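Novice: If you want the building blocks of each chain, they are given just below.
Number of protein chains: 2
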Amino acid sequence: MPTISDRGRAIPASPIRKLAPYADEARRKGRKIYHLNIGQPDIPTPDVALNAIRNIDLKVLAYSHSAGNESYRRRLAEFYRSIGIDVEYTDILITTGGSEAILFGLMSCLNPGEEVITPEPLYANYNGFAVGAGIKIVPVTSYITDDFALPPIKEIEKRITPKTKGIIICNPNNPTGYLYSREELHLLAEIARDHDLFLFSDEAYRDFCYDGAEHVSAMTLTGIENNVVLLDSVSKRYSECGIRIGALVTRNREVISTALKFGQARLSPPGLGQIAAEASIDTSPDYFIEVNREYTARRNFMVEALNKIPGVYCPKPKGAFYTVVKLPVDDSDKFARWLLEEFEFNNQTVMVAPATGFYSTSGLGKNEVRIAYVLKIEDLKNAMETLAEALKVYPGRV
Amino acid sequence: MPTISDRGRAIPASPIRKLAPYADEARRKGRKIYHLNIGQPDIPTPDVALNAIRNIDLKVLAYSHSAGNESYRRRLAEFYRSIGIDVEYTDILITTGGSEAILFGLMSCLNPGEEVITPEPLYANYNGFAVGAGIKIVPVTSYITDDFALPPIKEIEKRITPKTKGIIICNPNNPTGYLYSREELHLLAEIARDHDLFLFSDEAYRDFCYDGAEHVSAMTLTGIENNVVLLDSVSKRYSECGIRIGALVTRNREVISTALKFGQARLSPPGLGQIAAEASIDTSPDYFIEVNREYTARRNFMVEALNKIPGVYCPKPKGAFYTVVKLPVDDSDKFARWLLEEFEFNNQTVMVAPATGFYSTSGLGKNEVRIAYVLKIEDLKNAMETLAEALKVYPGRV
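Protein chains in written order, with the working numbering: chain A, 1 to 398; chain B, 1 to 398.
Keep in mind that the hints were calculated from the coordinates and are not lab data.
One should not assume that every hint holds.
[To be verified] Stretches of chain B that chain A covers, calculated by requiring three or more beta carbons in the stretch to come under 8 Å of a beta carbon on chain A:
#1 174–182
#2 190–199
#3 234–245
#4 362–370
These numbers come from a predicted model, not from an experiment.
Note that the Cβ used here is the ideal one computed from N, Cα and C, for glycine as well.
So that you can see chain A by itself, here it is in the shape it has in the complex (with noise of 0.2 Å):
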């Protein structure tokens, strides 16, 4: 039996599904299970978007362009426009998701054995895509105890070898619910430009941000218009995850012709989610205004009942819907597990994400989850219950 490869064995366990098999167990026990570990929003998909769908009057489902639809990205680019982002529909590849535009960005701009700098917690899907790239992430830490600002530049540039091709922001950032602020990116700016690497910034979550902060996409940061990848989806911002449309913006026109090599050996992005993706761009300014006023409330009813737990300490994020807690407890993987195959309180439990799998460094996270408020308050509130409920008895509280 021939043997699978290396590469495949070096991919790290997805730290938001490796606890499937408990879950599954505790729901044949007729436990009821309320998901804090995973970021699918219930919040509907837009109406434009399903109707687009229902009344497609296609009779061939064919190939798109492997740009993705030409109307989709003019109007695309009108829609970056609009917020700012001043590009041409040629700046854009539209991908399989955002995860495809992570890959592509990767992959047209650095080599295997070339590294990308990444402040950690850090998007745990990275790690799979540099195991597919054959590139290292290599990760600057971001502390709880600053509510995981950007780490100071000069931790950055200690990291910078030969080998860095780039750094990579996720902005508002999965998993911590930070928001980089203008001064922030201008740091980041400087350092790209300093050091001629590219800036990857996967800005998934730019919709989500509260209390009126500003989100500062890097795409307008200037003097650094060829180092900048804009790494974008529509699956948060419109709740339609399951579409898989992204895509990958930029200025630089090799990054983007390179980009386009490796997409058409996937011949095309899904046809019937661009078809969804396009109109959504017609969603109403009340959508997102009733949404933000929804996760608004969220993460204001679940920060604060975290904080009145003892023992644990949740900042207050200004963006995305995750936030990564501190909690009494020895070991938060041996937590989670636990929550799924010893507890239960009024037969239900909570499902959280041990925030190891976010950190690259090993060791780090051992008392953190990431926890995404993406359940109404009702189910917030019994989850917050349980959770409190979960910590007074756990044996490993420390």
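Given the coordinates of chain A, assemble chain B onto it according to the supplied hints.
Specialist: Relative to the frame of chain A, chain B by itself:
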């Protein structure tokens, strides 16, 4: 300005897309172009698929399981069993097109630097995926003089090195239309077993076999159950190329669980496409009878028309909807470009794919082009007339 990756530069230009700018220019001049260069069928997508999409009753277009919806995998396993491929739904990973099945298959089984042997002419995008996966495609040439039959086994064995991890075949073959016989598959099974190699079998065109010829799936070969990785797609079977749904199917538990890790990193395959693909399983048998009748007629017409042109030789392919044809020209790349830039007959011209892009060995394919018979006979008739006229006046005729 940071520089892009060498691997980005290494991806060869797509033989079916590199002529697009000349086609655009010809169109601007008002030329009608017969597209014999791409495998986009004009056959309607089955109504059951379109209706499933039109009738979606979802409020949130959410992520599906990373391996694909369980309901779809279960129905697909039933479908495979109905055609003699005995698998369980847990042997199936739903992928984003057959493209992702190829990429995940190669990445799961081969380390960077390792090799996979394939008969050439080959599916050109294997080259792009090989660059992405950092592996090497080792060609073994098949010849038009043998109608592109499997090269002698000793030629394949000669190319086995310590780095060889597998053999990849496309059956029926894109670009040649060759359908591998049971005997040829047994020879491949023997070599895979004796040398402990994976046998990747790309069967996207399984349903397109003519003259009553039997398709033998590599999944039905005995004694190498853990070696075979089936790479499949619904694109051609149901004429729904644009939904981007394929599958990686294998009884090798290590391969399927590794491929799933790559699948988890990209979250899920397209959700709307899965709905269409699952519904497509209910397509009436009459649909396939009609499609087969149509393609058989197109092939018969085209082969006869081509072989009537002086200096042209076209084998009679038993499968898929392509053929690689020998033309009396100096250079198929020049000829294909000349057709678009210089030639017209009744203000129309044809677009063909130079065969050079389907060979890995440089210098081969200079007097061959790939022709896709995806047009209705009336259009094929005009296209063949136009090609015949072109060959009369082409300055590089040999």
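Novice: How does the segment 174–182 of chain B fare against chain A when you require at least three residues with a CB closer than 8 Å, holds or violated?
Specialist: Since three or more residues must qualify, the claim that chain A covers the segment 174–182 of chain B is violated, with 0 doing so at under 8 Å.
Novice: Given as covered by chain A, does the segment 190–199 of chain B meet the bar of three residues or more with CB within less than 8 Å?
Specialist: Coverage by chain A holds here, the residue count being 3 at a Cβ distance below 8 Å.
Novice: Do at least three Cβ atoms from the segment 362–370 of chain B come closer than 8 Å to Cβ atoms of chain A?
Specialist: violated (count 0)
Novice: Taking 8 Å as the C-beta cutoff, is the stated coverage of the segment 234–245 of chain B by chain A satisfied by three or more residues?
Specialist: Our answer is that it holds, as 6 residues pass the Cβ test (under 8 Å) against chain A, meeting three.
The structure fails hints 1 and 4 (numbered hints given earlier, in ascending order).
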